[in-house]
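Undergrad: So you can see what is in the structure, the chains are spelled out below.
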Amino acid sequence: MARHLIRIALILALVAGCSAKQPAAATAPPFNATDVMFLQMGLAQIAEGDQVAALAAERAGDGRIRAIATELRGQWHDESGTMQRWLLGWQQPLAADPSAGVHAGHGALHALRAADIQDLRSASGPAFDRTAVSLLLGNLANCLETSRMEESGGAYPPTKSLAATATQRRQGQMQRLLRLAATQ
Amino acid sequence: MRRRFILPALTVAAITASLLVAVAPASAHGYISSPPSRQANCASGAVAGCGDIIYEPQSVEAPKGSKLCNGGGSRFAVLNDTSKAWPYAGVGKTVTFNWIITARHATTTWEYFIGNTLLASFNDNGAQPGATKQHTVSMGSFTGRQTILARWNIADTANAFYSCVDVNIGGGSTTPPTTPPTTTPTTAPTTAPTTNPPTTTPTGTWRAGTAYKVGDVVTYNGVSYRCRQAHTAIAGWEPPNVPALWLAI
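Chains as they are written, first to last, in my numbering: chain L, 958 to 1141; chain H, 288 to 536.
If you're looking for bench data, these hints aren't it; they were derived computationally from the structure. Treat the hints with caution; some may be incorrect.
Unchecked claim - Covered, in the sense of this in silico footprint (three residues per stretch, anywhere, with C-beta under 8 Å from a C-beta of chain L), are these stretches of chain H:
no. : stretch
1   : 318-327
2   : 342-355
3   : 378-389
All values reported here derive from a predicted model rather than from experimental measurement. C-beta atoms are modelled at their ideal positions from N, C-alpha and C, and glycine is treated no differently.
Next comes chain H alone, as it looks inside the complex:
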């Protein structure tokens, strides 16, 4: 009988000891949700084929000072892939960026760049952010399609968190409003080829104003795409911009 009372204590001791070497979750922290950053577009399913970032859009952490969308680390290099069809969000001359914060790191600055131009820098002087964070930033003289790099610089580590946001300044969104994202399952690429052999029925160069139906094949900038759902094309819905509508083949 006596052993019964000893065992739980031993178990607790063993568990406590092993907790110290337990698998730690990837450290997590923050990203821009609106306008959607590249990692947000991956995690929402608006852009397919992103890899593990879909589970942890908040984890794009790398040493400070990079100008790359993934911060220059080896992880999440897909975020730097300019051939990927990142949607551009239509925005005005000033943009309000909304952050999702999953861990409140003491912060030096939040910086926003287009190319090498620093659009804005917000100095938190080492304070911890709230549970949410917003910044309103002027786009200056920039117009049209731009990629904004946001950096959240942490006060007590050498690292920053990176978010790239693709915007169309003074223009419309290139992401079709609401319906296509709900039908962007990753299964589409596997089923489409069986029903539509890639070599048949090319219907010419993509053109705004044309009504396309499922299976139509067009070319755009030398690349062929197959229509994934029927729609009438408009400017901004070019095949590389709207993976929900067009599958590169």
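Chain L extracted, bound-state conformation:
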């Protein structure tokens, strides 16, 4: 019985898959290369930034830094879920093939290394706060570059809309961090 049910479910899924795919067969995909690049780079940048934000949210002496880091983590959590869902739906890898060279010259990926996170982890007091703000500012600048690239070059409207939201959020957070940095 169970096997029979599974078979029916498989057939239904295949039929549904076929009918859903038919329109796509006639037209170009709704997304373009920039959409894919934004999602892949965005996910990598979020993964990097979140390592810094996690430490900053917990250990920064300045409550304003903790607040920004906590806010970032919450927004990134939601944004990255959506970004992964789109890539999976489009049958695209979640990360770009590093050997493909498509990101060559950007230098914006993998800007942070394990040693940087370790440096932050071992810092304390004002040095911790200053390092956390510097690393977050560097990361947010890279996030802004990719979201602005998507706003101008993407094709899929919901992805462009997410990029616009990300640009607005990251710019506001960058403003707040720069005001903190100016007095550090």
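With the hints as your guide, set chain H onto chain L.
TA: For chain H alone, kept in the frame of chain L given last:
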């Protein structure tokens, strides 16, 4: 049915091919955050009307050797605008400069100038910088308000990254502490004129020690300014220095 399995492969091929010609983001790299450079003051909102630099303060890249704050390129010329009210950061005789690095280029030198005087040069011998970078530089015999030009010279390109930092050596900051920057929205200029016609209520020449209220109009060096938020003026908060407090009209 068979086509179903071919399509994704075709799509992937098309995407891969088009990735090679995809829109590339502006290349990014670094700037000084503390004391705030001009691009940092733009990006933080402390100085308004800067244009696109607010999104990419790290992108002031131009051929090596320039003495201009924007490196002499056509982009970001606003950074060279001496009529703009750049705040001066109060500093001591030595200053620690803090860089935000967004891409780690192999580096020849980091140079710091006031005018034609080289204050300091740090030779990295082609090494890549860390994720953050700090230099402590003596201001030598310079005092008062100065503009420091910092150049990050890249080892494997013909370019450098430029940051200008306005400082008041041995003096106080001209930027009011913390509250005015939070209220420097760019909307203020559009709303103020409707409520305060520019031609009315001049209250004379700007003077330290005077309590000003919103809408007061003063003149300073022949230019009229309208007060954007109530405050008591002090030396260093001259209208052209503090756009958060005074709007040129």
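Undergrad: All hints, please: hold or fail.
TA: Here is how each hint holds up against the structure:
1. For the stretch 318-327 of chain H, the stated coverage by chain L holds: 5 residues have a C-beta nearer than 8 Å to a C-beta of that chain, and at least 3 were required.
2. Counting residues of the stretch 342-355 of chain H whose CB lies closer than 8 Å to any CB of chain L gives 4, so the stated coverage by that chain holds, three being the minimum.
3. Here the stretch 378-389 of chain H counts 5 residues with a CB under 8 Å from a CB of chain L, which clears the bar of 3, and the coverage holds.
Hint violations for this structure: none, all hints satisfied.
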